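Engineer: Residue numbers (our numbering), protein chains in the order written: chain V, 2 to 256; chain X, 2 to 256; chain G, 2 to 256; chain Z, 2 to 256.
Relax, there's no trap hidden among the hints.
With a straight-line Cα cutoff of 27 Å, these simulated DSS-like cross-link-like pairs (lysine-lysine) come out:
hint, chain 1, residue 1, chain 2, residue 2
1, Z, K96, Z, K10
2, X, K107, V, K242
3, X, K243, V, K107
4, Z, K242, G, K175
5, Z, K22, G, K243
6, V, K96, V, K22
7, X, K175, Z, K243
Worth flagging that the hints you see were computed from the coordinates, not collected in a lab. Note that the coordinates shown come from a computational prediction; the quantities given were computed from them, not determined experimentally.
Protein chains: 4
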Amino acid sequence: DAPLVVAGKEYKSRLIIGTGKYESYALNAEAARASGAEIVTVAVRRVNLTDPSQPKLTDFLDPEEFTYLPNTAGCFTAEDAVRTLRLAREAGGWKLVKLEVLGDQKTLYPDMRETLRAAELLISEGFEIMVYCSDDPIMARELEQIGCCAIMPLGAPIGSGLGIQNPVGIRIIKENANVPVIVDAGVGTASDAAIAMELGCDGVLMNTAIAEARDPVRMARAMKHAVEAGRDAYLAGRMPKKRYADPSSPLAGLI
Amino acid sequence: DAPLVVAGKEYKSRLIIGTGKYESYALNAEAARASGAEIVTVAVRRVNLTDPSQPKLTDFLDPEEFTYLPNTAGCFTAEDAVRTLRLAREAGGWKLVKLEVLGDQKTLYPDMRETLRAAELLISEGFEIMVYCSDDPIMARELEQIGCCAIMPLGAPIGSGLGIQNPVGIRIIKENANVPVIVDAGVGTASDAAIAMELGCDGVLMNTAIAEARDPVRMARAMKHAVEAGRDAYLAGRMPKKRYADPSSPLAGLI
Amino acid sequence: DAPLVVAGKEYKSRLIIGTGKYESYALNAEAARASGAEIVTVAVRRVNLTDPSQPKLTDFLDPEEFTYLPNTAGCFTAEDAVRTLRLAREAGGWKLVKLEVLGDQKTLYPDMRETLRAAELLISEGFEIMVYCSDDPIMARELEQIGCCAIMPLGAPIGSGLGIQNPVGIRIIKENANVPVIVDAGVGTASDAAIAMELGCDGVLMNTAIAEARDPVRMARAMKHAVEAGRDAYLAGRMPKKRYADPSSPLAGLI
Amino acid sequence: DAPLVVAGKEYKSRLIIGTGKYESYALNAEAARASGAEIVTVAVRRVNLTDPSQPKLTDFLDPEEFTYLPNTAGCFTAEDAVRTLRLAREAGGWKLVKLEVLGDQKTLYPDMRETLRAAELLISEGFEIMVYCSDDPIMARELEQIGCCAIMPLGAPIGSGLGIQNPVGIRIIKENANVPVIVDAGVGTASDAAIAMELGCDGVLMNTAIAEARDPVRMARAMKHAVEAGRDAYLAGRMPKKRYADPSSPLAGLI
Numbered sequence: 002d003a004p005l006v007v008a009g010k011e012y013k014s015r016l017i018i019g020t021g022k023y024e025s026y027a028l029n030a031e032a033a034r035a036s037g038a039e040i041v042t043v044a045v046r047r048v049n050l051t052d053p054s055q056p057k058l059t060d061f062l063d064p065e066e067f068t069y070l071p072n073t074a075g076c077f078t079a080e081d082a083v084r085t086l087r088l089a090r091e092a093g094g095w096k097l098v099k100l101e102v103l104g105d106q107k108t109l110y111p112d113m114r115e116t117l118r119a120a121e122l123l124i125s126e127g128f129e130i131m132v133y134c135s136d137d138p139i140m141a142r143e144l145e146q147i148g149c150c151a152i153m154p155l156g157a158p159i160g161s162g163l164g165i166q167n168p169v170g171i172r173i174i175k176e177n178a179n180v181p182v183i184v185d186a187g188v189g190t191a192s193d194a195a196i197a198m199e200l201g202c203d204g205v206l207m208n209t210a211i212a213e214a215r216d217p218v219r220m221a222r223a224m225k226h227a228v229e230a231g232r233d234a235y236l237a238g239r240m241p242k243k244r245y246a247d248p249s250s251p252l253a254g255l256i
Numbered sequence: 002d003a004p005l006v007v008a009g010k011e012y013k014s015r016l017i018i019g020t021g022k023y024e025s026y027a028l029n030a031e032a033a034r035a036s037g038a039e040i041v042t043v044a045v046r047r048v049n050l051t052d053p054s055q056p057k058l059t060d061f062l063d064p065e066e067f068t069y070l071p072n073t074a075g076c077f078t079a080e081d082a083v084r085t086l087r088l089a090r091e092a093g094g095w096k097l098v099k100l101e102v103l104g105d106q107k108t109l110y111p112d113m114r115e116t117l118r119a120a121e122l123l124i125s126e127g128f129e130i131m132v133y134c135s136d137d138p139i140m141a142r143e144l145e146q147i148g149c150c151a152i153m154p155l156g157a158p159i160g161s162g163l164g165i166q167n168p169v170g171i172r173i174i175k176e177n178a179n180v181p182v183i184v185d186a187g188v189g190t191a192s193d194a195a196i197a198m199e200l201g202c203d204g205v206l207m208n209t210a211i212a213e214a215r216d217p218v219r220m221a222r223a224m225k226h227a228v229e230a231g232r233d234a235y236l237a238g239r240m241p242k243k244r245y246a247d248p249s250s251p252l253a254g255l256i
Numbered sequence: 002d003a004p005l006v007v008a009g010k011e012y013k014s015r016l017i018i019g020t021g022k023y024e025s026y027a028l029n030a031e032a033a034r035a036s037g038a039e040i041v042t043v044a045v046r047r048v049n050l051t052d053p054s055q056p057k058l059t060d061f062l063d064p065e066e067f068t069y070l071p072n073t074a075g076c077f078t079a080e081d082a083v084r085t086l087r088l089a090r091e092a093g094g095w096k097l098v099k100l101e102v103l104g105d106q107k108t109l110y111p112d113m114r115e116t117l118r119a120a121e122l123l124i125s126e127g128f129e130i131m132v133y134c135s136d137d138p139i140m141a142r143e144l145e146q147i148g149c150c151a152i153m154p155l156g157a158p159i160g161s162g163l164g165i166q167n168p169v170g171i172r173i174i175k176e177n178a179n180v181p182v183i184v185d186a187g188v189g190t191a192s193d194a195a196i197a198m199e200l201g202c203d204g205v206l207m208n209t210a211i212a213e214a215r216d217p218v219r220m221a222r223a224m225k226h227a228v229e230a231g232r233d234a235y236l237a238g239r240m241p242k243k244r245y246a247d248p249s250s251p252l253a254g255l256i
Numbered sequence: 002d003a004p005l006v007v008a009g010k011e012y013k014s015r016l017i018i019g020t021g022k023y024e025s026y027a028l029n030a031e032a033a034r035a036s037g038a039e040i041v042t043v044a045v046r047r048v049n050l051t052d053p054s055q056p057k058l059t060d061f062l063d064p065e066e067f068t069y070l071p072n073t074a075g076c077f078t079a080e081d082a083v084r085t086l087r088l089a090r091e092a093g094g095w096k097l098v099k100l101e102v103l104g105d106q107k108t109l110y111p112d113m114r115e116t117l118r119a120a121e122l123l124i125s126e127g128f129e130i131m132v133y134c135s136d137d138p139i140m141a142r143e144l145e146q147i148g149c150c151a152i153m154p155l156g157a158p159i160g161s162g163l164g165i166q167n168p169v170g171i172r173i174i175k176e177n178a179n180v181p182v183i184v185d186a187g188v189g190t191a192s193d194a195a196i197a198m199e200l201g202c203d204g205v206l207m208n209t210a211i212a213e214a215r216d217p218v219r220m221a222r223a224m225k226h227a228v229e230a231g232r233d234a235y236l237a238g239r240m241p242k243k244r245y246a247d248p249s250s251p252l253a254g255l256i
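So that you can see chain V by itself, here it is in the shape it has in the complex:
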């Protein structure tokens, strides 16, 4: 398998994990290592990256070891998101970012018009934008056309753990895309991640499924294997489904 390439950089892992909801930075770091992820996404507005008087995430997850992907969680307008990411660039020099502009607090669905506005502005300022979006193929195409470097449709509402709700939309987005398509949000357990990859997606991003498992480190390892399994199954080309049984062994035997 070729590596995942995002914004010109290669990654062996196709799993991106979050840094919210963990009991401690130490547990987060342990889960990150178990997951095999090379990219971790960080809410700029929440995670302490710079205050030296408090525990810092970077003390646990070395930015030399992991690609930090700042995100705009909690931003509900293009302006908020743009301001947040400019701060991130000033603070840490981050250029590759995950844009999410949310539409409301109950569904945490993206506001696609604000997302498009913010993406255009940020791209014009030299950011590399991985973009959280709805599962609408037309919007996904538009985001690619304005220069986003990865399309990240939700599989189900953020934090819901409902699994991939709209495989048809996700599949169509992937078939049309020339940049990586990474399912972002909705995964609840390992098979959900495998299903996302079996649709042909290039990667999966998740947070709650690992952070809120009873044993986050073990679930992180499960997700690592699930993503690899789904990817390999996609590349291997699955058997056709059949209406009836088909014997593994010819029914007329040797004996």
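Since chain V is already given, all that's left is putting chains X, G and Z on it; use the hints.
Structural biologist: Just chains X, G and Z, lined up with the frame of chain V:
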């Protein structure tokens, strides 16, 4: 995780694979190694295990390396199955066997009454019986009571690749069982195997999903990871499903 | 559409309803009328059919208007079931009966071996047996061969409302059968009943889905329409599923 | 049940049907009557409504009997759609219209930005807009805020017959909406229509599922009943789903 224990022997892998439908014994062996399986099941009535003038499966899959699990594929009566397994014991000394007594050629569903009859007789003769069965919890309980060492309900018709059709029945069988429950038949792709394991099952047996993939060796590797992923996800305790979104980051941020 | 024919008698309705869990006989009767059912099934061991000092179901649901179908709910052995139905015949002259022999209290799955034993005995005594069974096509075939007049596979555990869990098994049972196949147990809402009928089944039996709805009478009417809808959809021959969109109107228009 | 109210007018039927793909206007009319629909939608760019030298749909479906709902099928820009509907108003006086602005020919997904633009313009010109849209709750909210009189999210790609792919998105749209929500596109068979209604939607629009059934008139009747069934099931309040069985009859009987 504790190892899988069947008939007193420990296995690290929870994946059992078949030996039908492969283009060659060599490809079968390569897939077996990629899958990490330690048990391979062999149709006694079909696979050449003993004729020295023909290629022998044992030349490719060393019985020292893999546990051979003779099966009764193609048997439609208890008598057929019993005779076949007695032959297997004479020929190769196999005592641990997989019993399947089929009900018809179109569905390849087990004939549960014949299966029970055959199992009782074989157990009285000292065989260790892993038993292919329907997803009926009452029948599964009966099979355990008469002494079968593993219960192997179908997930969908043999060779159909339809995925786990009856998760409720499988889950109930597992909750009630004191011997390993191994889903046998129905897996089509990696996520199906993960789902079987997430139900709490102790293992998965498959043949067609690997043998009829476009790239059997890669699919074998996918299945290895899918089974590990599903097992770990089960043990890790998945997050609850939620009707609405749940933010990874508190919506009131630092900035 | 031809009528449903069971044991030589024609019915216009393909919905059979139960008589358990209702708040009152009056509500039960109102729901029965709203459902359009012509057959109601009655637990011989529970429902008062004969004690004149207590309210009697027959005062609310006239046996001249509804076919009473005595059932053996609560029987866990063939002997129990046979004794119960002999009593029913003595008390009310009922010959057409629904046999259920349960395997355990937690799953209420049928014990298929006891069911077969009871069915054979009852048929030899002249009963017409509609039989609750697992979704195992081989068992269903056996029940038909010994003379049952309707095969009634469960769609999901009794009272669970989980919907049709194993459409593949049910479809295969129906394709093979020469007597009516009636899904018994598992329906939770209207679409579940429609799905059962779209598989080609001849009818649906339900109790809890109506009795435990917030408004049982309205749900009874919903089920009446759902069964008719599913039947008509099956007979009408549905459109094929397509991977992509297909315009209702040619894209080159008139203007 | 209260009637469906769209743009101030009451309808008893919650099913809207299309007028494409039928073999003849006569068959279309017969199906329309069997469906009980009171609204039929008509592609302005395709259906002959005014040329007296050709068969006219209005000769078969009397505009006094059915509400004609002109639609913009085949329009890929806001300008196209607006021009088409202005023509419709001139030709037939239609003010209540269905707006669809498509994003591409393969998926027939709506282009939501063009849709919003067209909707705003048309509303400012006094049209009543029922609007085909994606299943994105934020877009749906926006369409309601600018004054659309009905929100019509797709259940699956137009003409695909895949059934309701994203029940979570549809449910959330409905929970947030103060105008009718009508699932438009994706229904393949009767149970799909029932499922849409069970989510709480106010209606369903379909074309291919009826027009391409083997027997369109019978399927139209199936859909009539399915919509009624799903609506009643929603209003009746379904039973909760349970993990295990729950006996219809107490297991300790009278006898």
